[in-house]
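K.L.:
Modelling step: build the complete structure from the supplied sequences, incorporating the hints.
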Amino acid sequence: MSLINRGFRNAFRNVIRTASITFILALSIAMSLIMLMSLKTVQAKIDEVKSSIGNTIVVSPAGIRGFEGGGELLTEIEVSKISALLNISKLSKILNARLTTDDTNLKSAIEAGSFGRRTRINGGGQTQVNADGDFTPPIMLTGTSDLSITSNLNVSQLEITQGEKFDAGSDQNVALLGKTIAEKNSLVVDSTFKAFGEDIKVAGIFEGGNTFANGSVLMPLKALQRLSDQVDQVSSLTVQTNSIDTLASVQTAIKAQLGDKADVISQQENAEEALQPLQNIKTISLYSLFGALVAGSIIIFLTMLMIVRERRREIGVLKAIGASNLKIVNQFVVESMVLTLMSSVVGMILGGIFNNPVLNVLAKNIKEPDLGSSFAGPGLGRAIVRIGSGLVPGVQDTLRNIQAAVGFDLILYGLLAAILIAVVGSALPAFLISKVRPAEVMRSE
Numbered sequence: 001m002s003l004i005n006r007g008f009r010n011a012f013r014n015v016i017r018t019a020s021i022t023f024i025l026a027l028s029i030a031m032s033l034i035m036l037m038s039l040k041t042v043q044a045k046i047d048e049v050k051s052s053i054g055n056t057i058v059v060s061p062a063g064i065r066g067f068e069g070g071g072e073l074l075t076e077i078e079v080s081k082i083s084a085l086l087n088i089s090k091l092s093k094i095l096n097a098r099l100t101t102d103d104t105n106l107k108s109a110i111e112a113g114s115f116g117r118r119t120r121i122n123g124g125g126q127t128q129v130n131a132d133g134d135f136t137p138p139i140m141l142t143g144t145s146d147l148s149i150t151s152n153l154n155v156s157q158l159e160i161t162q163g164e165k166f167d168a169g170s171d172q173n174v175a176l177l178g179k180t181i182a183e184k185n186s187l188v189v190d191s192t193f194k195a196f197g198e199d200i201k202v203a204g205i206f207e208g209g210n211t212f213a214n215g216s217v218l219m220p221l222k223a224l225q226r227l228s229d230q231v232d233q234v235s236s237l238t239v240q241t242n243s244i245d246t247l248a249s250v251q252t253a254i255k256a257q258l259g260d261k262a263d264v265i266s267q268q269e270n271a272e273e274a275l276q277p278l279q280n281i282k283t284i285s286l287y288s289l290f291g292a293l294v295a296g297s298i299i300i301f302l303t304m305l306m307i308v309r310e311r312r313r314e315i316g317v318l319k320a321i322g323a324s325n326l327k328i329v330n331q332f333v334v335e336s337m338v339l340t341l342m343s344s345v346v347g348m349i350l351g352g353i354f355n356n357p358v359l360n361v362l363a364k365n366i367k368e369p370d371l372g373s374s375f376a377g378p379g380l381g382r383a384i385v386r387i388g389s390g391l392v393p394g395v396q397d398t399l400r401n402i403q404a405a406v407g408f409d410l411i412l413y414g415l416l417a418a419i420l421i422a423v424v425g426s427a428l429p430a431f432l433i434s435k436v437r438p439a440e441v442m443r444s445e
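When we follow this note's numbering, the leftmost residue of the sequence shown carries the number 1, and every step to the right adds one.
Among the clues, some could well be false.
[Stated by the list, open to error] In silico DSBU-like links for lysine-lysine, alpha-carbon gap of 35 Å or less:
| # | residue 1 | residue 2 |
| --- | --- | --- |
| 1 | Lys40 | Lys90 |
| 2 | Lys90 | Lys255 |
| 3 | Lys81 | Lys261 |
| 4 | Lys45 | Lys282 |
| 5 | Lys165 | Lys194 |
| 6 | Lys179 | Lys201 |
| 7 | Lys179 | Lys90 |
| 8 | Lys107 | Lys222 |
Simulated from the structure, these hints should not be mistaken for laboratory data.
P.N.:
Here it is in structure tokens:
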């Protein structure tokens, strides 16, 4: 009888014991697969989150917040120093301006109200109430070099409802109008309006997601710099790094380049806090994976130890007729592999059924981050708050929607884990018994 055939038949000598061992070991293998799938899924989510959130840095001239404060705007020379830094994936330049009735023929779509009437500043810089009921607040005009980065455009979203986006790198007199200001002034695509004494063509109309955004105007940065006599000047920069892992180094490099000329603020702490729940799930999955593998090895170890002790006489007979130690060890390894492979099949089925429920339980028991109070204030503060407010729901949705998928690689890992458990769990007991001399075994029996 061949070695493999004998090992296979021995696995079924006691059907009840075989069924019991298969079921118990299957639970261990199922847990191993579940934790492995959880580990891979969570790591993929961490990589996804790292690439999309928390990798934003906002650079603002020191002493300036929006249209308040004092100091000097950033220049293109300073911007070029930043753009040359490593690990920067995107850089968006912004120039803010306000259109008053002296600058444009557009009518503001936002009613002043009591708050708006308090925002006019006289020559001495003192805030005063304007009792003129005809006063309307100025129109927010933003020049941008990149429409794909919306966190610094005062919009919740940038959905083009009519027309198309302009080329943000051009110097053309074109603009995108919020839908409310377009309706207020009866403007459509290809219409024109006056700004800083020149005709501006409406390239498109957008839905900005909030009242303020829908009453604002967007233009190419170079065009606004020219029209407002602020050539080569920038109100703020939004820098996106290629990963959250490089955020701190890029922030440090920007500070080194600009010194005290700019305020450099990032989402480093909030991003790390946002990732903490996913890291916790990853840690739990990793420890549980090791625990399940160790438990499986111990189960098969104790099982095979019990089996080989029951077959001391059989081992003695085999050795007496000339069987080598290696042949005896391999026979029990084959028997162990038959048990573990059967358990693997059952374990894979159980793992496929329970992987997502277990992962969801882990996610529900991990505390979600509280990032609601990151920054506040006008100008730069508002930009950071917009970034932060988009960060929290995204991470919370990630925690709620983690889904594991069973792939061929995981099935392969499961089979390899089963073989490893079988070899480790059976080799040592079989080897210890095979070292006993045949005469001693026969005498003890």
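K.L.:
Sort out which numbered hints this structure fails and list those numbers smallest first.
P.N.:
none
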